[in-house]
Every structure is written in structure tokens, then in C-alpha cells.
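Undergrad: Each chain, written out:
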Amino acid sequence: MKVIFVKLQSDGVTTLIAENALYVLDFSGSKKGALNLVFEQEGVSAEIVGLYAVREKEHFDFETIATHKAPNTSCVTYVRGVLFDSGSSNYIGKILIDKRAQQTSSFLENNVLVVGNATHNNSQPILQIEADDVKASHGATTGRIDPSQVYYLQSRGLNAKESEELIVQGFFESLLAKISDEKIKSAVAANLGIKHA
Amino acid sequence: MIVHNSEMVYHSIQKHQEEKGVIFLSSDEGLKQYPGIYREYFGTVIPATDNKFAALNSAVWSGGSFVYIPKGVKVKRPLQAYFRINAMNMGQFERTLIIADEGSEAHYTEGCTSPVYTEDSLHAAVVEVIVKKGARFRYTTIQNWSGDVYNLVTKRARVEEDAVMEWVDGNLGSRLTMKYPSCFLVGNGAHGEVLSIAYGGEGQHQDAGGKMIHIAPNTSSQIVSKSISANGGRTSYRGMIAVTPLAANAKSRVECDALILDSASASDTFPVMRIDNSSANIEHEATVSKIGEEKLFYLMSRGLTEAEAMSLIVSGFIEPVVRQLPLEYAVELNRLIELEMEGSVG
Chain A
105 MKVIFVKLQS
115 DGVTTLIAEN
125 ALYVLDFSGS
135 KKGALNLVFE
145 QEGVSAEIVG
155 LYAVREKEHF
165 DFETIATHKA
175 PNTSCVTYVR
185 GVLFDSGSSN
195 YIGKILIDKR
205 AQQTSSFLEN
215 NVLVVGNATH
225 NNSQPILQIE
235 ADDVKASHGA
245 TTGRIDPSQV
255 YYLQSRGLNA
265 KESEELIVQG
275 FFESLLAKIS
285 DEKIKSAVAA
295 NLGIKHA
Chain B
56 MIVHNSEMVY
66 HSIQKHQEEK
76 GVIFLSSDEG
86 LKQYPGIYRE
96 YFGTVIPATD
106 NKFAALNSAV
116 WSGGSFVYIP
126 KGVKVKRPLQ
136 AYFRINAMNM
146 GQFERTLIIA
156 DEGSEAHYTE
166 GCTSPVYTED
176 SLHAAVVEVI
186 VKKGARFRYT
196 TIQNWSGDVY
206 NLVTKRARVE
216 EDAVMEWVDG
226 NLGSRLTMKY
236 PSCFLVGNGA
246 HGEVLSIAYG
256 GEGQHQDAGG
266 KMIHIAPNTS
276 SQIVSKSISA
286 NGGRTSYRGM
296 IAVTPLAANA
306 KSRVECDALI
316 LDSASASDTF
326 PVMRIDNSSA
336 NIEHEATVSK
346 IGEEKLFYLM
356 SRGLTEAEAM
366 SLIVSGFIEP
376 VVRQLPLEYA
386 VELNRLIELE
396 MEGSVG
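Residue numbers (our numbering), protein chains in the order written: chain A, 105 to 301; chain B, 56 to 401.
Hints in this document: simulated from the structure, not taken from any laboratory.
From chain A, some residues computed to sit far from chain B (all C-beta separations above 10 Å):
(1) ILE108
(2) THR119
(3) GLU123
(4) ALA138
(5) ALA174
(6) VAL254
(7) GLU266
(8) LYS287
(9) ILE288
(10) SER290
(11) ALA291
(12) ALA293
(13) HIS300
The calculated DSS-like cross-link candidates involving lysine-lysine, where the alpha carbons are at most 25 Å apart (straight line), are:
(14) A:LYS136 <-> A:LYS111
(15) A:LYS239 <-> B:LYS350
(16) B:LYS75 <-> B:LYS188
(17) B:LYS345 <-> A:LYS203
(18) B:LYS129 <-> B:LYS75
(19) B:LYS188 <-> B:LYS131
(20) A:LYS239 <-> B:LYS345
(21) B:LYS350 <-> A:LYS203
(22) A:LYS161 <-> A:LYS299
(23) A:LYS135 <-> A:LYS287
(24) A:LYS173 <-> B:LYS345
Predicted model, so just to flag it, every value in this text is computed and none were measured.
C-beta atoms are modelled at their ideal positions from N, C-alpha and C, and glycine is treated no differently.
With the hints as constraints, model all of the structure from the sequences given.
TA: The following block contains the structure:
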């Protein structure tokens, strides 16, 4: 699938007309901003991937909007973040389905993995549905890194820090694998500060 | 107990409950007979400055219930209240104060109805519940106001150590309902639950949901919301999960499902999750869909009409909440939804 790297603008919303593509958010510049992906053409199917790691005292504040205006469109949004010590993030994920956009399916998944302490996370997944023949859903979780996973890796000879790094890497891996463009994948991994296969 | 417009018209309490010290009165009577309890608790969960409807209610309230369950007393049968608006352009400002003392258990249920007038009425209730250490309290409402009632209600519980508070909330009638029962989980190990059903029919907007504020460690909460919109109605889920820095090891789960029955109807989901603690475990899930063609086809192939099939699917959809209701309320709710749905299939 075609991969489009979207640089966020700290002021205002980046609006794009959806095509059959994978949209990857680029946080290398701004950690703030919004992407509005507008489905105007019938039958278009797209995905949005946003991966971020919030290091010490950093703050991420962004929004994704899937606006369905035409029938028979589909969108899947994946947003995953890791919070290290005193990191904070604020994410709004909207799915808007217009009256005309029948037979739409739109899904949003937002997972936040908490590794550090004194973290703050604010998630707002929003659905606004005006059509009836649609499938729309979202799931959002915020949870601490599983101590039993860390323990297992330590029992295999890794230290605590290495174990955490490996779990964080695994957390992002399945979504990184979606990015078929190697250059973009490397850029995202570098920005996350992780190794990738 | 029955409250007509804003006045109590009928009251009865079982003798053996009275002997155990259970108090169940209208709030006006309660204030007269137990001013000490009012002085201590009234307005502590929802102060007059909370929001403008709470301010209005605090200024002019009358009617409502006053319930006190003494320490360790377990009330087996639900305490029941019934509210009715029977006048045009009426404002009903019900004010309820409930205290479940340490280790007690009770279940309070209320039903609300009104006949149809062409002019608007306002129901602006304030309900305060204090659930003390180790107590368990359930508050059930089935609201079926007529389509000219604005139903703007503030309901909040203060849940102390190891106590459990459950809100069961059924919203069928009214033109506009805005109601988000909340639990402030202030004691270690406190648990809060909201089970909510909303049916938004013609000309209606049901804006319902729940709020859970985790203030103490090891607190847990759950919100389950089911909504149905039909004949041009709109349902919205609005909810909040807040975990403060003091609330270590908080757990919360939110599930909201919406069914849209026709193309004129709409549904929204507006949840907020504000997690200011690194040890919290929070899950939120929401779905919006229409009734599956396959399910309808299957039921119709078994001899049901389309309307019967739809009504059966809707009953199944809300069953997880209805199961929690006392039998007579469950029967009534199912019947009401059937009535509402009549004629919704062209």
C-alpha cells in the first residue's frame, strides 16, 4: 500500500483528501497538530498510523479526524504511545460519519503504554454518526507495563532497562511492520528511539 | 412513596424496616424531623455552586426522598419512589439525600412519568448519595417523561473505603435528557458502577453517560452504556474517567454500544479519559452499528415479522442492563421499549 508521511503543523489542522493509502504521522518536527482525513470519493479505503514515545517532561498534543462524506469508505486509525518518566500526552481521535456516507466502516484503536512515573495521559476518542448503515467503533486503553513480562525477560538474563526497551519495541513492532516504505519506517523508528527488525 | 408535581402524596414504609432504624421520608419531612443529618450532609456532595441547575434546585427545591440506612442494616426489599408531573409548564425540583451508613446495604428505585402537554416542563433534580465505609448502595431510575419535559439532573455519590455504589439508569422519555450519574471514589478500595440504557425516539435527544472520579488508591469502576436511536432520535454517550495522582492502582472499564435503527437517527460518543497516575489501568470501548441484516433475516426465516424480529434483537441488546433490574421494572422497561418501537418499521 502507498505510504504517505504526514508532517504535523503545530498551528491548525492538516486536511488531506483520502486516497487508498497508509498515512503515517511524522512527529519529528512538531509534537502538536491535527490531521483531518476527508473521504470524499466513494470506495476509498485508508489507514492512519500514529506512533509516539514521550520522553522526560515532553508533551504530545495531537488529534486525528476521519471524516467520512462519501458512501462505502473505510478507515482504520491506530495510535500508540509510550509514556516515560513525567511524560504527558493529549490525544483526540474523531470519527465523523456524514448522512451521505452509508456503508462506511471506521475503526480507531488507541493504546498508551505507561513505562515511567508521574505521567499524564488524556485520551478522547469521539464518534459522531449521522448515517445508520455503518460500522463504527473505537477502543482506548491506558495501562502500565506488565511487571510479569519484565520479570520473565529478566529471568532470561536481560536487565530491567533492556527488558523495558524490548517490550516497548514489541509494542510498536506490529504497526511498524505495516509501513512498507523502508525509509519512512526507519525515520519513525529513529524518532521513537527504538531498534526495528 | 409517591411525589406528585413536587409534593409527597403517599408514603408507607414497612414496619420491620422502621424498627431497624431505616428512615425513608420525603425530603421536606426529612428536613423537619432530622435537621441534624441535613446540616451534616446536605449540599456536601453537590454544592449549590456546582452548576446552574444545582443552584436553581438548591434555591427552590421541594419533594424528593430522604433515606438513611443505619450502620450494618441490610434492607432486602427495594425502597421505591414514584415521581409524577401533572401540570403544564411545571418545574419539578426534586432533591434527594441518601446516606448509607457503614456496612449497610440497600436498593432504592424510582420511576418518573408525566402526561403529554404541548408546553415545556422542566425536571431539574439533584440527588446526593453518601456511601460510607463498607456499605453497598444501588440507585435505580426508570424515567419515562413525556416528550415535552427537559430532564436536567445532577446525580452524584461519594463512595468511601471499600464501599460500592451502583447507578442503574434507564432513560426513555423526555425531549432532552442530560444526566451523567457520577461516583467520587474517595476511600481506599471503593468501587463505582453505572449501567445506563437510553432510547431516543422521535424528537428526542438522550444525552446520558457517567463519570468516575478516582481519588483514592485501589479504586475501581465500570460504566456500561447501551443506547438505541430510532425515528429521528439522537442518543449521545458523554462520560469521564479521571484518575488523580493519589489514586494508585486504579482500574476502570467503559463499554458503550449504540444501535441506530433508521437513517434519520444519529448517535454520538464523547468519552474523556484523564489519567494522571502511572499505575492506572483504563479500558474504553465503543461501537455504533445498525441491526444486522443477517440477524433479521434469520429471525424472519423462523416465522417472526420484521417488527417482532427487531424488537427481539433490541431486547437482547439491552439485556445485560435489564438483568440488573428488579423484576417488575425489567418487565416494564421491555414493554415500554416495545411500545416505543411500534410502527418504527415501515
